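In order, the protein sequence lines correspond to chains A and B.
Just so you know, full-length UniProt numbering puts the end of the first sequence at 238, numbered straight through with nothing missing.
Just so you know, full-length UniProt numbering puts the end of the second sequence at 254, numbered straight through with nothing missing.
Errors might be hidden in some of the hints.
No farther apart than 25 Å at their CA atoms in a straight line, the calculated lysine-lysine pairs in the PhoX-like style are these [what the hints assert, rightly or not]:
id, chain 1, residue 1, chain 2, residue 2
1, B, K8, A, K108
2, B, K8, A, K130
3, B, K8, A, K92
4, A, K109, A, K76
5, A, K76, B, K201
Listed next, with one range per pair, are the computed distances between beta-carbon atoms [as the list claims (entries may be wrong)]:
id, chain 1, residue 1, chain 2, residue 2, range
6, B, G237, A, G58, 29 to 37 Å
7, B, T229, A, D117, 40 to 48 Å
8, A, K178, B, F236, 49 to 57 Å
9, B, Y244, A, K223, 35 to 43 Å
10, A, E73, B, L35, 30 to 38 Å
11, A, F90, B, L202, 39 to 47 Å
12, B, S169, A, P217, 52 to 60 Å
If you are wondering where the hints come from, they were derived from the structure by calculation, not from laboratory data.
Here the structure is a predicted model, which is why all the values come from computation and not from measurement.
Heads up, the beta-carbon is just placed ideally off N, CA and C, and yes, glycines get one too.
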Amino acid sequence: MNALEINNFTKKYDDFTAVDNISLSVQQGEFFGFLGKNGAGKTSTISAITGIGTITSGEITVFGIDVEKEYKEARKKVGLCPQEFNVDTFAKVKDILLHVGGYFGLSKKERQTRLQDVLEIFELEEHKNKQFRHLSGGLKRRLMLARAMMHDPDLLILDEPTAGVDVELRHELWAYLKQINKAGKTIIFTSHYLDEVEELCERIAIIDKGKIIADAPKSNFTKDGGTLEAKYLELTKA
Amino acid sequence: MTNLIGFKTLVWQEIQRFLRVWIQALISPWINSLLYILVFGVIVGSRIDTIAGVSYIDFVLPGIVMMNLITASYMQAAFSLYFKRFARHIEEILTAPFSYFEVLGAFVVAGVLRGLIVGLGVYVIALFFTSASIAHLFLFIVYSIAVALIFSFVGLLVGLWADNFEQLSVLQTFVIMPLTFLGGVFNSVHMLPEKAQMIAKLNPFFYFVDGLRYSMIGIREANVWVGSTLIVALIFGFGGLAWYLFYKGWRLRS
Numbered sequence: 001m002n003a004l005e006i007n008n009f010t011k012k013y014d015d016f017t018a019v020d021n022i023s024l025s026v027q028q029g030e031f032f033g034f035l036g037k038n039g040a041g042k043t044s045t046i047s048a049i050t051g052i053g054t055i056t057s058g059e060i061t062v063f064g065i066d067v068e069k070e071y072k073e074a075r076k077k078v079g080l081c082p083q084e085f086n087v088d089t090f091a092k093v094k095d096i097l098l099h100v101g102g103y104f105g106l107s108k109k110e111r112q113t114r115l116q117d118v119l120e121i122f123e124l125e126e127h128k129n130k131q132f133r134h135l136s137g138g139l140k141r142r143l144m145l146a147r148a149m150m151h152d153p154d155l156l157i158l159d160e161p162t163a164g165v166d167v168e169l170r171h172e173l174w175a176y177l178k179q180i181n182k183a184g185k186t187i188i189f190t191s192h193y194l195d196e197v198e199e200l201c202e203r204i205a206i207i208d209k210g211k212i213i214a215d216a217p218k219s220n221f222t223k224d225g226g227t228l229e230a231k232y233l234e235l236t237k238a
Numbered sequence: 001m002t003n004l005i006g007f008k009t010l011v012w013q014e015i016q017r018f019l020r021v022w023i024q025a026l027i028s029p030w031i032n033s034l035l036y037i038l039v040f041g042v043i044v045g046s047r048i049d050t051i052a053g054v055s056y057i058d059f060v061l062p063g064i065v066m067m068n069l070i071t072a073s074y075m076q077a078a079f080s081l082y083f084k085r086f087a088r089h090i091e092e093i094l095t096a097p098f099s100y101f102e103v104l105g106a107f108v109v110a111g112v113l114r115g116l117i118v119g120l121g122v123y124v125i126a127l128f129f130t131s132a133s134i135a136h137l138f139l140f141i142v143y144s145i146a147v148a149l150i151f152s153f154v155g156l157l158v159g160l161w162a163d164n165f166e167q168l169s170v171l172q173t174f175v176i177m178p179l180t181f182l183g184g185v186f187n188s189v190h191m192l193p194e195k196a197q198m199i200a201k202l203n204p205f206f207y208f209v210d211g212l213r214y215s216m217i218g219i220r221e222a223n224v225w226v227g228s229t230l231i232v233a234l235i236f237g238f239g240g241l242a243w244y245l246f247y248k249g250w251r252l253r254s
């Protein structure tokens, strides 16, 4: 079963077509790179998968579950680490995590256990009583990722998770993502840093002006000896 | 399946949010009420003869309780939803396994709770100055919850509609406050000229205040059926509209 299946998905904002009849599938356990320029349609697609945005036409399923018809079940499977910090900036780190755990139906005991796990994994223990607004940029990013992992989703969607993050943390995050992917999590990853996409992803799709212009294993993009960046620029130039 | 844990968490998150700003959310309305009770009830009231057989402070107290309950419920729902949209952490809720009904319900429960806490606080303050009797406890509870429900729904509608913080205050300044003051908080409708009495009876706030006043001191100036029907209609009207807009994701989902 595919972790994600997008069939003929279109997203329109009034007369503007952000995503134009795309079809895409991500296999279970895959580390999938989803690339495109700003405004190409990546975030609109992610929004439709996660419930933040609506679907104009087409069908999206997560592990075979329709994200519109059976949205409650579908959402339990997905964890989102968004591009922008969409949290209550006055809330404390532990409260942000505990609340999200509760939203996903974790019992009080499960929430506490999971809280300790993610605080430890993302080295947030000493910051758990700080308000979000008092965290550094790197800590905020870690918290976003911790929040996405709070309910232990099967599919993790990371929308530019390393934007504004220092080199050390980027490498720590890469190691963590490789580890959870190896343990079976499916990951959809968007980034403007193509070196990390090349480092992490097994398969890559490129969206441009709302259409998928490439969808292939990573090796296909670099088989002529060039870099992913060179191929990306070539494909999105027109 | 109902996401009961999620629902309770969202209500608790909302309560935590208003307790974080407890001075603004609770102390401020209680101090305002204390001043109203002191000035209108004790200082001015001691020079006013009884109204409908009760002291002036007892006559105005239900209106003061209602005024604060309305404002608290409205502000809780409107500011919370707007702030969540503004800072985009509504996305935490949109990506979670909630039905639209559960989200709407949690916001409304939080709005009603804040309204009741503030209203109860005003009542307790009043106990220092008057007997603050409650003639019909059941009706007192029903009217309080019903009106808090209405203004939680109204707050959510404004929280959805507003594009900036200023717009959140528009309804409060231009509708809620004037209509509450003109709804018989400080005067009996019989004190007004005949034409003004007719106009006063077109003001829905008159029925809210009158209902609570009846439950507290047993004095009624409005038709009970008109008042009850209006309150039920407003609950279903505003509640239905809020549910529909949540269901459609209007200004919630892109």
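Verification of the supplied hints:
1. B:K8 x A:K108: Holds: K8 (chain B) and K108 (chain A) sit about 11 Å apart, inside 25 Å.
2. B:K8 x A:K130: Answer holds: K8 (chain B) to K130 (chain A) is near 24 Å, not above 25 Å.
3. B:K8 x A:K92: holds, 19 Å
4. A:K109 x A:K76: Distance of about 18 Å is within 25 Å: holds.
5. A:K76 x B:K201: Distance ~51 Å between K76 (chain A) and K201 (chain B) Cα, so the pair is violated.
6. B:G237 x A:G58: 29 to 37 Å: holds, 36 Å
7. B:T229 x A:D117: 40 to 48 Å: violated, 54 Å
8. A:K178 x B:F236: 49 to 57 Å: For K178 (chain A) and F236 (chain B) the Cβ distance comes to about 54 Å; the hint holds.
9. B:Y244 x A:K223: 35 to 43 Å: violated, 54 Å
10. A:E73 x B:L35: 30 to 38 Å: violated, 53 Å
11. A:F90 x B:L202: 39 to 47 Å: holds, 42 Å
12. B:S169 x A:P217: 52 to 60 Å: holds, 56 Å
Violated hints for the displayed structure, listed by number in ascending order: 5, 7, 9, 10.
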